[in-house]
Amino acid sequence: MSRTRTERLVNLVICLLSTRRFLTAAQIAATVPGYEHDPEDPRDHEAFQRKFERDKAELRDLGVPLETGTASVFDQEPGYRIAHREYALPAILLEPDEAAAVGIAARLWQHAGLAAAASSGLAKLRAAGVEVDPQATLGVEPVVTVDPAFGPLTSAARDRRAVTFSYRVPEVDDPATRKLEPWGVVCWQGRWYVVGHDRDRGATRCFRLSRIVGAVKALGRPGAFTPPENEDLISHVAKWSGPVPHNGRATVTVRPGRAAGLRRWATESVPGPDGDCLTIPYSDAERLAATIVGYGPDVRAEGPPEVRDAVIQLLKEVVAKHHEVAA
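Residues -25 to -1, 1 to 302 (mature numbering (1 follows the signal peptide of the UniProt record, and there is no 0)) are what the sequence shown spells out, left to right.
Think of the hints as simulated: they come from the structure by calculation, not from any bench. Careful: at least some of the hints might be erroneous.
20 angstroms max Cα-Cα, derived EDC-like pairs, lysine to aspartate or glutamate [said to hold, decoys possible]:
hint, residue 1, residue 2
1, K214, E243
2, K214, D173
3, K31, E21
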């Protein structure tokens, strides 16, 4: 299934979950990105109908409980909705490591091009006078973002298109220009990496996205290369990066009975008046800060300064993003 069709199906599900009433095909076409067409043009409208029929069949094959009916006895055209009682999942309890995986998925959501389109669709429903249930879907776009190079590199890997970018390594002052045929983007040890064929060096190389300086630019046309099949990209990154030394020691205060995942990392725990004081070994201050922020008010960073500063910076970014959404 193409990315465009996947996005359209996701937005269709969000649209149908966001209202209790049946929506006609015309209302869906005016709301869901990907269904835009001229209803007065017979050929264009016929193409929309074929597309919509395929998508309905796809959703039903996936197990989505798509219902057909009318909002009232006076309606001439059938409408569609998703039965909440059959679609809803039971309560799910996640372990800390599972919650971390969900957090990564939430970061990807923003860059998949889905959240903004979904929000636009819901706004169109409200403008058309359709009552929208704000609790039926996610409601709020994620405010935590990944590296700016993530979107261009994942798109280039999907399109099999070479890219060029400036890359900085810690031991060298000036960034170097690299030309890469990207095979994919993966997460390793809390960092995002792109793996592919380095054209200048004629070998497989890995690059950490946070060290890419400036914009990622496309080279040539799509379909310019064929990545190796069944390649384990994570193993390339693991061999390239090597073992990560945890030389740092951070001190955090944790409320009693909270942050079980963080407690497992601790080498020492001392009870205190405000909670338990944990000593956490770490290698990357920013990565540890992101973990601490994820526990909200249950965890407070005490030191060292680089960890506290990283936590404060992340919280400022979250506040700023929420202000942008509210505006």
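Each hint tested on the structure:
no. : hint         : verdict
1   : K214 to E243 : 31 angstroms, violated
2   : K214 to D173 : 17 angstroms, holds
3   : K31 to E21   : 15 angstroms, holds
When each numbered hint is compared with the structure, a violation occurs for hint 1 only.
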